[in-house]
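Asker: Okay, here's what each chain looks like letter by letter:
Number of protein chains: 4
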Amino acid sequence: MAVQLEVLRERLARFASERDWDQFHSPKNLSMALIAETAELIEHFQWLSEEDSKNLDAEKQQAVTMELADIFIFLIRVADKLDVNLADAAWKKIEINEARYPVEKVKGSAKRASEY
Amino acid sequence: MAVQLEVLRERLARFASERDWDQFHSPKNLSMALIAETAELIEHFQWLSEEDSKNLDAEKQQAVTMELADIFIFLIRVADKLDVNLADAAWKKIEINEARYPVEKVKGSAKRASEY
Amino acid sequence: MAVQLEVLRERLARFASERDWDQFHSPKNLSMALIAETAELIEHFQWLSEEDSKNLDAEKQQAVTMELADIFIFLIRVADKLDVNLADAAWKKIEINEARYPVEKVKGSAKRASEY
Amino acid sequence: MAVQLEVLRERLARFASERDWDQFHSPKNLSMALIAETAELIEHFQWLSEEDSKNLDAEKQQAVTMELADIFIFLIRVADKLDVNLADAAWKKIEINEARYPVEKVKGSAKRASEY
Numbered sequence: 173m174a175v176q177l178e179v180l181r182e183r184l185a186r187f188a189s190e191r192d193w194d195q196f197h198s199p200k201n202l203s204m205a206l207i208a209e210t211a212e213l214i215e216h217f218q219w220l221s222e223e224d225s226k227n228l229d230a231e232k233q234q235a236v237t238m239e240l241a242d243i244f245i246f247l248i249r250v251a252d253k254l255d256v257n258l259a260d261a262a263w264k265k266i267e268i269n270e271a272r273y274p275v276e277k278v279k280g281s282a283k284r285a286s287e288y
Numbered sequence: 173m174a175v176q177l178e179v180l181r182e183r184l185a186r187f188a189s190e191r192d193w194d195q196f197h198s199p200k201n202l203s204m205a206l207i208a209e210t211a212e213l214i215e216h217f218q219w220l221s222e223e224d225s226k227n228l229d230a231e232k233q234q235a236v237t238m239e240l241a242d243i244f245i246f247l248i249r250v251a252d253k254l255d256v257n258l259a260d261a262a263w264k265k266i267e268i269n270e271a272r273y274p275v276e277k278v279k280g281s282a283k284r285a286s287e288y
Numbered sequence: 173m174a175v176q177l178e179v180l181r182e183r184l185a186r187f188a189s190e191r192d193w194d195q196f197h198s199p200k201n202l203s204m205a206l207i208a209e210t211a212e213l214i215e216h217f218q219w220l221s222e223e224d225s226k227n228l229d230a231e232k233q234q235a236v237t238m239e240l241a242d243i244f245i246f247l248i249r250v251a252d253k254l255d256v257n258l259a260d261a262a263w264k265k266i267e268i269n270e271a272r273y274p275v276e277k278v279k280g281s282a283k284r285a286s287e288y
Numbered sequence: 173m174a175v176q177l178e179v180l181r182e183r184l185a186r187f188a189s190e191r192d193w194d195q196f197h198s199p200k201n202l203s204m205a206l207i208a209e210t211a212e213l214i215e216h217f218q219w220l221s222e223e224d225s226k227n228l229d230a231e232k233q234q235a236v237t238m239e240l241a242d243i244f245i246f247l248i249r250v251a252d253k254l255d256v257n258l259a260d261a262a263w264k265k266i267e268i269n270e271a272r273y274p275v276e277k278v279k280g281s282a283k284r285a286s287e288y
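Taken in order, these protein sequences are the chains called A, B, C and D. Anchor point for the first sequence: position 47 equals 219 in my numbering, and the numbering is continuous, going up by one each time. Anchor point for the second sequence: position 46 equals 218 in my numbering, and the numbering is continuous, going up by one each time. Anchor point for the third sequence: position 32 equals 204 in my numbering, and the numbering is continuous, going up by one each time. Anchor point for the fourth sequence: position 34 equals 206 in my numbering, and the numbering is continuous, going up by one each time.
Derived by calculation from the structure, the hints in this document are not laboratory data. It is possible that part of the hints are untrue.
Identical copies carry no separate label here, and so any pair may be met within one copy or between two of them.
Unchecked claim - With a cut-off of at most 27 Å between alpha-carbon atoms, the simulated BS3-like pairs for lysine-lysine come out as follows:
{"no.": "1", "residue 1": "K253", "residue 2": "K226"}
{"no.": "2", "residue 1": "K253", "residue 2": "K279"}
{"no.": "3", "residue 1": "K253", "residue 2": "K232"}
{"no.": "4", "residue 1": "K264", "residue 2": "K279"}
{"no.": "5", "residue 1": "K232", "residue 2": "K264"}
{"no.": "6", "residue 1": "K279", "residue 2": "K265"}
{"no.": "7", "residue 1": "K253", "residue 2": "K264"}
{"no.": "8", "residue 1": "K265", "residue 2": "K253"}
{"no.": "9", "residue 1": "K265", "residue 2": "K232"}
{"no.": "10", "residue 1": "K232", "residue 2": "K277"}
{"no.": "11", "residue 1": "K279", "residue 2": "K226"}
The following block holds chain A by itself, in its conformation from the complex (with noise of 0.2 Å):
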């Protein structure tokens, strides 16, 4: 069974407690923290294809993996001080998404999804 995110979210408030690591864990500080990690998930596509991206070898699949576990970890901790539900958020922008992206209009089209 997969973890929850309310799980995930109390484990991570209570690591920061512990460490006493709440002083450095405001909305903008953390903000910077997950920039810096998503950036090392750009570091490992910056030089390859499209196509590779696709077919990472074993080793880089483990590599990428941790990354998106980093960011991910800063952004239940963002979200946390910030006192927003990720999921309900998430689920409320898709629906906004949604009503403005009609699949008539945008079907195929990079430019239509770029422009929004």
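Got chain A; can you put chains B, C and D on it based on the hints?
Answerer: Frame of chain A; chains B, C and D shown alone:
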């Protein structure tokens, strides 16, 4: 009850598939979209003090919530395209971090936190 | 004749000073503004193929030119605030890179390039 | 005398050419490398207060100087590949900014600065 990560993943996969957008959703491209969304979060905080980043007004709180949703959406998408279970990866990474940063060694130290 | 880096630095310092913006221009904040601008460049390229990123239409070329200008502006500002001479630093770093990546070892290899 | 931007551009072009790296240096890829380097600057500042980011110790100052060099290097490269004259573009953008943010309207206001 909170929306499940798996439900979000499926809905986003269907969203892209219905719009024929999988052709643009290589891990390389999605990592770029992910960092672009993360930077929009950064923009909200760049001229704020740390303290002010903890106390957003209602309008900014709403805007920031939608940025977090966008980040989460692209994170779920890139993880899905790489066959990574985000929650399991985060759980594993937290275990690694717990071993790497023992409370007694790093308590209250940002230097410690950033060195790892 | 090309505009000198030093002239740009001075003009940007005066721009901030006249507007009483130095109070917001800590290196921390400027690094955030810098990455936010860099992400706007990323946005232009995220759904394009590598090939298409080499052949922008006139409108996109103009938009990208202004993004590069924004990045350069904030890079000059953060360097100025840290008393770093950008051109000298780059020159020194190129010398380091030339020693680190000898032609005969890294020729034609992206793997080599990214490992360093 | 300061190193000229044009001299840096030429030296970096030769550096890539000698190593047969132009094949990897599409604007898309270079924009990714640029943001990855920018994130390394962010990492230096993410747990520091704004005040501390103004007063780095010698070791950190040296590290940050090299990050700024890396950012500048990739910025010059991507501009070169897009046939953009960085200094001229910045000059033009500063003129636009001067018209857009008249001193009397935005003086001392971060809100003003960020709204534009």
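Asker: A separate judgement is required for each hint: does it hold in the structure or not?
Answerer: For each hint, the structure was consulted:
{"no.": "1", "hint": "K253 / K226", "in the structure": "between (34 Å within a copy, 8 Å between copies)"}
{"no.": "2", "hint": "K253 / K279", "in the structure": "between (37 Å within a copy, 20 Å between copies)"}
{"no.": "3", "hint": "K253 / K232", "in the structure": "between (32 Å within a copy, 15 Å between copies)"}
{"no.": "4", "hint": "K264 / K279", "in the structure": "within (22 Å within a copy, 38 Å between copies)"}
{"no.": "5", "hint": "K232 / K264", "in the structure": "between (34 Å within a copy, 17 Å between copies)"}
{"no.": "6", "hint": "K279 / K265", "in the structure": "within (19 Å within a copy, 36 Å between copies)"}
{"no.": "7", "hint": "K253 / K264", "in the structure": "both (20 Å within a copy, 22 Å between copies)"}
{"no.": "8", "hint": "K265 / K253", "in the structure": "both (20 Å within a copy, 20 Å between copies)"}
{"no.": "9", "hint": "K265 / K232", "in the structure": "between (31 Å within a copy, 16 Å between copies)"}
{"no.": "10", "hint": "K232 / K277", "in the structure": "between (37 Å within a copy, 22 Å between copies)"}
{"no.": "11", "hint": "K279 / K226", "in the structure": "both (22 Å within a copy, 25 Å between copies)"}
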